[in-house]
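Sequence lines, in order, name chains X and S. FYI, the numbering used here numbers position 20 of the first sequence as 20, with every residue one higher than the one before it. Add 1000 to the 1-based position in the second sequence for the numbering used here, that's all there is to it.
No false leads were slipped in.
Among chain S residues calculated to face chain X with C-beta under 7 Å, some are:
1) F1050
2) E1051
3) G1143
4) D1147
5) M1148
6) G1150
7) A1151
8) I1152
9) N1154
10) Y1155
11) I1158
12) G1161
Simulated from the structure, these hints should not be mistaken for lab results. Where a beta carbon is used, it is the ideal one built from N, C-alpha and C, also for glycine.
What follows is each chain in one-letter form.
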Amino acid sequence: MIEEQNIVKVGMADLNVVKTSGIIRTTGLGSCVGLTLYDKNIQLAGMAHVMLPSSDIARDGQLNIAKYADTALPELVRKMTELGASRSRLVAKMAGGAQMFNFSSGGDHMRIGPRNVEACKLFLEEYKIPLLAEDTGANYGRTIEMDCISGILFIRSVQMGKKEL
Amino acid sequence: MNLFGNLEGFKMDVLKEVGNIGAGNAATALSQLLDKPIDMAVPKVQILPFEKIADKVGGPEQIVLAVFFRVEGEAPGNLFFILTPEAGKGLLHRLAGIEASDEEFFNEMEQSALSEIGNILAGSYLSSLADFTKLSMTPTVPGLAMDMAGAILNYGLIQFGEMGDDALLIDTTFLEGKEEVEGQFFLIPDPESFDKIFKSLGVPLTDD
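Extracted from the complex, chain X is given alone in its bound form:
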């Protein structure tokens, strides 16, 4: 797909950016959401691997801001504007938020995937960042990578093969 050049990896509950050349990747998204932002003019791509919808539930201790939708998005925007992105140019794409196992019953945490997706959308709306495309939900895992030159989001899954957004 893309030759192995300057790959920036984003771990679980982690975020990062890549500029001018290279790709940014996160692997094995299940109920987590891979949220990406892109500024075409300066070829800057950012990605967050969001695990939970809201930091409200975080217990005391150090807050990992990349882990929650409500804190990861502001941080990603901050990081990208610091590198010269314009907030009005930012566009979003996202993938993940699956429900890996289907249960007829089960508590709220069983629905964590869809809740993560909803939360990401809510905060994108609040920041007035248009969501250009998404591949979310269903019951399978995804690996995603964004090419910072084209802003294309590549999605790989075991069941559905490859996709481009």
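Position chain S relative to chain X; hints supplied.
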């Protein structure tokens, strides 16, 4: 809060023994099903960052077959029975006489048979734990998935995600002969279950 600050070696040993008893029972059940001796490795108890947990089964993108159970009762948690897809086919063949289709994915009947095998093993794992700790622990209906290990295991870490970036994992590998083909049990107790387990086993709680 430091989730694991008080888990000194002694407590880790207690958790290892808990894993040992559960997995021992499951190994016996599997051995009876297969009519073949099944060994198991000594359980490992580890506190691992989320990132590292999928490495235990070959990395986040490794394709695995997993039967997942939410453990309900007095010491809740998450339980995974994880196999390679090949080991899953082997089990189907030997236990149910099903010659798995060549297709990449398991069909509905195969999935149902695999869930049932997982169910039997998880049931024996948990019932021995419940006997040992005198705490109620029952599995929910099994959920089955064949997918990237990262995506699957992540599902069992949500409770920990609310508290930190590490989880405690009791990991036991089954062995048949010299080959590690039979699969792995991952028990990830919810954070609040530790104290209950220790308490019921008479382990003094030194923390506040």
